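Trainee: Residues per chain, in single letters:
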Amino acid sequence: MRGQDLRVAYHGKTVLKVDSISLPDGKTFSLLGASGAGKSTLLRILGLLEKTSSGRVFFDGEPANRRHLATRRTIAAVFQKPYLLRGTVAYNVGYGLQLHHVRSSERTARVASALTRVGLGGWEDRSALTLSGGEAQRVALARALVLQPRLLLLDEPLSYMDPLLKRQLSLEFADILADERITALYVTHDRDEAAVVADRIGVMRDGRLVAEGEPEAVLSLPSDPWVAGFLGTVMPLEGFVESSEHGVARIDCGGVGISAVSDLPSGTKVLVGIRPEDVLLFEPDVPLPRTSARNRLDGTVAEISRAGVTMDVAVDVGGGVRISSTVTRSSAESLALAPGVAVAIVFKATAVRVRPS
Amino acid sequence: MVSGSAIAIATVIGVPLGYLLGISRFSGRGIIILLVNTAMGFPPVVIGLFVYMALSRTGPLGGLDWLFTPQGMVIAQVILAAPLVIGVSAVAVASVPRDLRVQLRALGASSLQEGLAVLKEARGGVPISIVAGFGAIISEVGAVSIVVGGIEGYTDVMTTAIMANVRRGEFPQAMAWAMVLMGIALIVNVALTTMQNTAVSYER
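The listed protein sequences derive, respectively, from chains A and B.
Oh and the first sequence: position 316 is 315 in numbering that gives the first Met the number 0, straight run, nothing missing.
Oh and the second sequence: position 179 is 178 in numbering that gives the first Met the number 0, straight run, nothing missing.
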């Protein structure tokens, strides 16, 4: 499935402007973005559920639109709210099969199989009224999977879940999508959820796709300050590969040496990303035991700010280079972190993301 | 039979139009809704007057020769009931969440399947629209009096019969008709309320 020059306008205001997007076969593409970024609109356009103001959607290389019923019936969706009908679980899961005029005997078998796939085997006769939120979303997923779609759309399916259930279900959904090898488009505003389910990530802002790539690249090496801010990470550092041996590269970032797992040759100009959650802070001048961390730098706290229940600490390590660390508030208090305080930062070579610039 | 035919025709015309008005978004929709709402409040005698003029010899439909006939009554009653069926159905359909329609499409529903499912979800409001239309028909006397004159044994309906009985001082007969009228209204309401309560509707 791919889209070309997709534009959607409401009352003269452009809400979607995507020049090109392609969903890789058998993989999950996650669309990230804040509320109102156009993610759901793009999902509905690619799912042939709404029409565009201009542009085209292609399915198997052929133009498609929402009037193509046969094509639409190869696509299924799970939304934020499951919209289950009053009746049994089996009735709900089989509802789409009824719309597709599938025979009753075949429906029964397929419904049973789909329910087993989502961990609700034997739940056919349960009333939809008695389901919890997580169970209802599993039924909604079964209702979509039972149609054996070629494209599965998931529009923030876990947004109403508590964090623990969300984490559990996102792992389950990721397993199911990988096992079924369905092409999937997964919309979420949650970076961690996208990281769990996605083979490829796109970031949307104001109706445009502003970043796209493999999860590690997008999440650890954001392409611009807005994307970095939205993802809760920092802009990558610029540097070059000084030396490379046994799969570990020594990178010079403004005179600061950083070890990273990379086999890029010497002299390669690179962008370096280090996720703040992977950076540890220590008191300075404290002898550290031998660890697997290849990077230890001394610096000074430049800025410290609250980020929900944690603190973001930016540390100057010299050469105009700042490296950020995310710590808990209690850690910040115990280390007496404040601007000007000296600290040592430690992180592993495997925590450093590198790509040629 | 006349009122039954009229409400059946008004339903066949009004429910699909109400559905389209409920789900569509187009410039001018507000004006259409305004016209429908205005038509709901038209005095029955005014409707009767226009139908009379249309069906009279010099009117555009004079050739049908339906003035002072049951067919003429049906026309008047359809015009009376249809705006109610359209307007109330439109409100009921518009109250079905748009996301539910998208979900139905996402399950592979054709336009017809989507429409039938939406009407099913709006089953609370659509029967009410039909009941409202039927209530308007069986309780009015102005339109039928003008269009068909209440010719006893031919074009009289229960309301005109009650009027005639009262004028002649035949109060027991008038009360009998009134009881029948109320009985019909009660039966229809029970049937439609039962339908409303057993409607399959989305849960969450």
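If you are wondering where the hints come from, they were derived from the structure by calculation, not from laboratory data.
Nothing here was measured: the structure is a model prediction, and the numbers come from that model.
Positions of the beta carbon are idealized from the N, C-alpha and C atoms, including for glycine.
Where hints are given, some of them may not hold.
Partial chain A-side listing against chain B, Cβ under 8 Å, derived [to be verified]: (1) 26; (2) 43; (3) 71; (4) 95; (5) 252; (6) 255.
Dumping the calculated DSBU-like pairs for lysine-lysine here, alpha-carbon to alpha-carbon at most 35 Å [claimed, not checked]: (7) 26(A) with 347(A); (8) 347(A) with 16(A); (9) 165(A) with 50(A); (10) 165(A) with 268(A); (11) 119(B) with 50(A); (12) 268(A) with 119(B).
Trainee: Hint by hint, say whether it matches the structure.
Mentor: How the hints compare with the structure:
no.	hint	verdict
1	26	violated (20 Å)
2	43	holds (7 Å)
3	71	holds (6 Å)
4	95	holds (4 Å)
5	252	violated (48 Å)
6	255	violated (51 Å)
7	26(A) with 347(A)	holds (30 Å)
8	347(A) with 16(A)	violated (40 Å)
9	165(A) with 50(A)	holds (31 Å)
10	165(A) with 268(A)	violated (39 Å)
11	119(B) with 50(A)	holds (25 Å)
12	268(A) with 119(B)	violated (63 Å)
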